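Protein sequences, first through last, are from chains A and B. Numbering of the first sequence is given in the numbering used here, commencing with residue 1 and proceeding in unit increments. Numbering of the second sequence is given in the numbering used here, commencing with residue 1 and proceeding in unit increments.
It is worth saying that the hints were derived from the structure and are not from the lab. Treat the numbers as computed from the prediction; the structure is a model and nothing was measured. Cβ coordinates follow ideal geometry from the N, Cα and C atoms, glycine included. Some clues are possibly wrong.
[To be verified] To be clear about the criterion: a stretch of chain B counts as covered by chain A if any three or more of its residues have a C-beta under 8 angstroms from a C-beta of chain A, and this derived list gives those stretches:
#1 32–44
#2 83–92
#3 103–111
[To be verified] Here are some chain A residues the structure puts well away from chain B; computed CB gaps all over 10 angstroms:
#4 S70
#5 T83
#6 P111
The residues making up each chain are set out below.
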Amino acid sequence: LAKTTQPISMDSYEGQEVNITCSHNNIATNDYITWYQQFPSQGPRFIIQGYKTKVTNEVASLFIPADRKSSTLSLPRVSLSDTAVYYCLVAPYSSASKIIFGSGTRLSIRP
Amino acid sequence: SQTIHQWPATLVQPVGSPLSLECTVEGTSNPNLYWYRQAAGRGLQLLFYSVGIGQISSEVPQNLSASRPQDRQFILSSKKLLLSDSGFYLCAWSGQERRSYEQYFGPGTRLTVT
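With the hints as extra help, turn the sequences into a complete structure.
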């Protein structure tokens, strides 16, 4: 399984765009890149996943360069409620596999 | 729609006592099921995962065990709890559409071993 590296913590202010970058140098051909969000005392929530280029949904955008060795989660115009831990992970497209959560990035949004 | 339940929500148990945590999923068939543990301020540690009834894969050798007696029921057990078993236990499921990276988590059980 590919290991991921992301910043331990980040701070930002309401209304700003936040970009969290994750490196995954050993990503395999059949791995997908996935991001989760976790609030205190809750289970993680799936945010977005992608394989290459750019993916956008109602919550976030995910940018993946051509070499796929890194990815960037972009949160537009964050609010205080976006304060959470964000996990980047890579996992194969398989029904019988496991995924590994790292320590995540603790994002703090200030007024 | 699919829902996942865990109980109890909180549990305080003495060292050496047994443990049984239950997880059930509604609204889907033949899900992949997972048990994770999260220590305070840490990431998630995968404990067990199951792709079908009676099929359990263990990720971390320890005094915990898991069972899947029914398609949508996943149970985490221990015969004798250790202090180090304290943590936030999360059950998750993923669909049979071969998208194991997209998991849906339950509300969790916070276990304190005293």
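Status of each hint after checking the structure:
With 6 residues having a Cβ less than 8 angstroms from any Cβ of chain A, the stretch 32–44 of chain B passes the three-residue criterion, so the hint holds. Judged by the Cβ-Cβ criterion of 8 angstroms, the stretch 83–92 of chain B is covered by chain A as claimed, because 3 of its residues qualify and three suffice. With a cut-off of 8 angstroms between beta carbons, the stretch 103–111 of chain B has 7 residues touching chain A; three or more are needed, and the interface restraint holds. Remark: the non-interface label on S70(A) is consistent with the geometry, its nearest Cβ contact in chain B lying 17 angstroms away (cut-off 10 angstroms).
Every CB of chain B lies more than 10 angstroms from the CB of T83(A), the least distance being 15 angstroms, so the non-interface label holds. In this structure P111(A) is separated from chain B by more than 10 angstroms, as the shortest Cβ-Cβ distance comes to about 24 angstroms.
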